[in-house]
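Top line first, the protein sequences correspond to chains A and B. In terms of the numbering used here, the first sequence has 351 at position 144, counting the first letter as 1, and numbering is strictly consecutive. In terms of the numbering used here, the second sequence has 241 at position 73, counting the first letter as 1, and numbering is strictly consecutive.
Simulated from the structure, these hints should not be mistaken for lab results. The structure presented is a predicted model; accordingly, all values stated were derived computationally and were not measured. Some hints could be false.
Residues from chain A that face chain B, not an exhaustive set, calculated with beta carbons under 8 Å [claimed, not checked]:
#	residue
1	Glu225
2	Leu226
3	Gly256
4	Thr273
5	Cys285
6	Phe336
7	Val389
Label pairs and their in silico Cβ distance ranges [said to hold, decoys possible]:
#	chain 1	residue 1	chain 2	residue 2	range
8	B	Val197	A	Ser262	45 to 53 Å
9	B	Thr196	A	Ile315	24 to 32 Å
10	B	Ala228	A	Glu259	37 to 45 Å
11	A	Ala292	B	Val197	41 to 49 Å
12	B	Leu236	A	Gly293	36 to 44 Å
Ideal placement from N, C-alpha and C gives every residue a C-beta, glycine not left out.
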Amino acid sequence: MEERAEGRPTLLDELPGELMMWVLIVSELVVFGAGLAAFLAVRITDPSGFAEAQSHLHRAGAGVNTIVLVTSGWLAACAVQAAEAGHIGRLRSLVAGAIALGAVFLVIKAAEYVDLAAAGISFETHAFFTFSYLLTGFHAAHVIAGMILLAVVAVPGSPRAVETGAAFWHMVDLVWVLLFPVVYLL
Amino acid sequence: MTLTRAWLMLLVLSAASTTLAASGMRGTVFVVLVLSLAGGKAHVILARYLGLSTAPSIRAGFDLALILMLIVFAVLGAAA
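Chain A with its partners taken away, still in its complex shape (with noise of 0.2 Å):
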């Protein structure tokens, strides 16, 4: 209290962007954080079975989705520095490019669903698959709403508004590189 009445910042002052977007980041991390341990826990009882489900999954191309994603992240970061910099049209074309390389990875995405459901594999066909769908759908949804977020605030194009964006579709990207390895990889 003696801090705030001398007109010294607290530590929350030092957060880039808006405190509740920092709110959801870290809510989103410890759900996914949670999810991501819950799969690893159940694969202790069924390594093989995982690793034989795993083997349908498409590991090139969900590679290709963490270029995909950490280049639109790139370019929703150059964002706010145009929008800083009061460049309207270049903050709009990067927002653009971030948008159209999220829909990349979306393409990219419903193609492993199209053959996973070709391949007659569903959510009760292992216990792989349902934690693999749930974890990767739900950050599907996230990217479709960063999507639709990063279009909105790209309209007024304030600095403040597109920061807040780009802080959401960064936390699609951080979630992915976290999520890509333990279901993927390991």
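With chain A's structure known, arrange chain B on it following the hints.
For chain B alone, kept in the frame of chain A given last:
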């Protein structure tokens, strides 16, 4: 680190993960290496994309939580 350098670092770390997976390596060392690379990517995203490089105390807190989470993943991953 500029944003472009951060992006290049993420590409290098992603390529390293894919190369490691393609090498056919398995076991505890593989689990630790793959998760370490994931941790490196997450650190770069937090520091540069999300801007925590300007908030060192908060970044350290996120890094600590990330390391603890990856240790849990590594223990569970190596136990299978």
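Please flag the earlier hints that this structure goes against, numbers listed from lowest up. The structure conflicts with hints 1, 2, 3, 6, 8, although it agrees with all the remaining ones.
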